Amino acid sequence: MSVVSHHSPLAFSFKTNVFEGPLELLIELVEKRKLLINDISLAEVTDEYIRQVSEMQEKSLPHTAQFVQLAATLLLIKSKSLLPVLELTKEEEATIEDLEERLKQYQIYRDAGMILTAQFGRQIMYAPRFIAPKDAVFVPDDYCTLNAMRAAMNSVLQNLPRKEVKPKVQVKQTISLEEMMLSLRKRIEGQLKTTFSQMRSEAPEHKTIIVGFLAILELVKQGNVLVTQLGRFDDIEIELEQGSTPRYY
Amino acid sequence: MPLDILIEGLLFYKSAPQKKATLRKVYSVSSEDLQVALDMLSIRLQSGALRLIETDTEIQLVTSPELAPFIEDIRKNEIKNDIGKAGAETLAIILYRAPITRVEVDRIRGVNSSFILRNLLIRGLIERSQNKQGSGYTFSVTPNLLAHLGVSSTRELTDFARVTDALEQFVVDQEAVTETTA
Amino acid sequence: MPLDILIEGLLFYKSAPQKKATLRKVYSVSSEDLQVALDMLSIRLQSGALRLIETDTEIQLVTSPELAPFIEDIRKNEIKNDIGKAGAETLAIILYRAPITRVEVDRIRGVNSSFILRNLLIRGLIERSQNKQGSGYTFSVTPNLLAHLGVSSTRELTDFARVTDALEQFVVDQEAVTETTA
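Chains as they are written, first to last, in my numbering: chain R, 1 to 249; chain L, 1001 to 1182; chain U, 2001 to 2182.
Bear in mind the hints are in silico, worked out from the structure with no lab data behind them.
A hint or two may mislead.
Heads up, incomplete: computed chain U residues facing chain L, CB under 8 Å, no partners named [what the hints assert, rightly or not]:
| no. | residue |
| --- | --- |
| 1 | 2006 |
| 2 | 2009 |
| 3 | 2012 |
| 4 | 2013 |
| 5 | 2050 |
| 6 | 2052 |
| 7 | 2070 |
| 8 | 2071 |
| 9 | 2115 |
With a straight-line cut-off of 25 Å between C-alpha atoms, the simulated BS3-like cross-links for lysine-lysine are [unchecked claim]:
| no. | chain 1 | residue 1 | chain 2 | residue 2 |
| --- | --- | --- | --- | --- |
| 10 | L | 1020 | U | 2085 |
| 11 | L | 1132 | L | 1025 |
| 12 | U | 2085 | L | 1132 |
Over the 12 Å line for every Cβ pair with chain L, so calculated as not near, a few chain U residues [said to hold, decoys possible]:
| no. | residue |
| --- | --- |
| 13 | 2015 |
| 14 | 2024 |
| 15 | 2029 |
| 16 | 2032 |
| 17 | 2064 |
| 18 | 2066 |
| 19 | 2138 |
| 20 | 2143 |
| 21 | 2150 |
| 22 | 2154 |
| 23 | 2155 |
| 24 | 2160 |
| 25 | 2164 |
| 26 | 2165 |
| 27 | 2169 |
Just so it is clear, the structure is predicted and the values come from calculations on it, not from any experiment.
The beta-carbon is built from N, C-alpha and C at its ideal position, and this holds for glycine as well.
Okay, chain R solo, but in the shape it has when bound:
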C-alpha cells in the first residue's frame, strides 16, 4: 500500500519511488490498473491516491501541498460518481475536465521523456574539443573596469536562486487533507440534509477521518441514504448496521 513498503525495503528505493508531482502519482495509479483516463478511472483510483498522500503528509515530505490540491479534485470526482445528486459548480466541473486533459497531456510528455532517456547519450555527436589559445592577445573592453566588475558581481548576487522554502513554513501553508475532507463532508451533508455524526471517529486522528470519509462514500453508494433522501425532506439517519441490505439505485 505504501509507496515505500511494497517495493524493496532498501534505502534507495525510497528515493526512486517518491513521486515528484501529483500527476506522476495519479498516472501511475491509473496505468497500474490498465485503465484509460476518464472520470470513472479517476474515481476508482481516488482512495489509493488519498492514502498515499496521507502517508506523505505523515512523513512531512516536501511539496505535499500540490498533491493535496489534486486530491480535492479527485474527491469531487468520486463524490459526484457516487452521489449524482451532488451539485458541482461550473468552476468545479471545469476543474475536473481540465484535470483529465492535463493528465492525458502529461502522459504524452512522460512517454516522450522515456524515449529521450533511451536515446540520450547512446550516440553522441561530438563538437570539436576546445583548444585554449597559447598566447592570447589581451583584448579588454568597456566591461573591464573595477566599477563594471562590481556592478556585474552585484547582478550575479541578486540573481542567485533564493533558498528553498523550508518544510516548516510549507506545512503551515498546506491545506491539510483533513481540512479538505471536512469541508467537502459539510457540503455533502448540506445537500443530503443529514449528518454523518455517527460515523465520526472517537479519535480525531486524520487517518481515521480519511478512512471514515471514504467509508461513508461507500455506504452512500449502497443506496440507503440516497433513496431516502430523494423521498423525504426530514433528517435522515445513516444505516450503519453491518447486515443492512444494500439497495442499488
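On the provided structure of chain R, position chains L and U as indicated by the hints.
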C-alpha cells in the same frame, strides 16, 4: 563564395553553435535563403564524418552519430549520461513546445520545475532567453541536447511524428472542449 | 566504417594536427592504406569549406585558403564585440573567486558557461590551469587584466569580503538543497 561553404567555414572556425539570426545579419540573407544553404550543407556533409545540427534558432557542426564509439575510445573522461525521470519529461516538454515559459512547464508537469530547469541549463541541454513580453524567460533546446540524442534535428527523433500527432490531437480535443464549455 | 571517415572525424574532434604514425598504429593500417584513405578524404573535401593539410609526418583539417579573408573578418569581429553582460558576470565571478572551476561558475550563474569561458580565454582576460586534483581546469583572471583594473591582488577589491561571504553562503545553501532534493 557559395553561402553553404561560407557557413561551413564559419562553423568549423568557431567550433561552437552559431545563431541563425546572426548568420542572416552577417551574410545579409533572408530566412529562406539561409535555409536553402543549410539544407545544401546538410546534404553535402552526409557523405563524410560531419553533421549539421539544427535547432529552431541555432546550428552547429558535430561528428556523425555512427562515429560515437570511435570518439569515445579516444576521450579520457567519462561523461554522465543520466537525465533522470523529471529531467526527461521536462526535456520532452521543451523539445515539443519550445519556446516555453517556466509557468507553462510547471502547469504541464503539475510541479514546480525551477530546480530541474536550472539543472538542465547548467548542463547546457536547454537555454533560456528573455521573453518577448519582457516577463521572465522562455526555454528552448540547445544543439548540445540534439547532439546527445544523436539527431541533427528534432524531426529525426524516434517517434517525433507520433508524439506531435498525439499532442496535436490533444490540442484539437482541448479546443473542442473549450468551445462546448464556453 | 571507412578509414577516411574515421580519420576525418578524429581530426575534427581533436581540432589539432595528428601524427601519421599514430594513426597507422591506432587503426592498424599500412602507410599505403593510410595514404589511400588520406587521398580519398582530400578529394572528398574539395567540394566543401575544409581542406586536409599533409606534411611528411602530420595531417590537419583547416579551412580552405579561399576562405581566409572571411575568417579574418570573423576574427576581427570577435574582438570588436564586447564580452556582453553574461561575459562580464562570468569574468566578475572569476575575479572574486579565482581559482574556480567551470562547474562552480555554472552553479553560481545557473547556466552553462563553456562558450563564455572560451571567449574570455581567447581575449586573454582569463587563463586556465590544470586543477590540483587533476580533475578538469580552474580559471583565474590574467595578470594583464589585473594590471588593467589597477589592482595587484583581488583582495584589494573594496567589497571582496562581502562578495566572498555571499557566495560562500550560497554554496553552503546549495549543497543543503541538493541533499534534500537528491
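Q. What hints, given by number in increasing order, does this structure fail?
A. Checked against the structure, the hints that fail are numbers 6, 13, 17 and 18, while the rest are satisfied.
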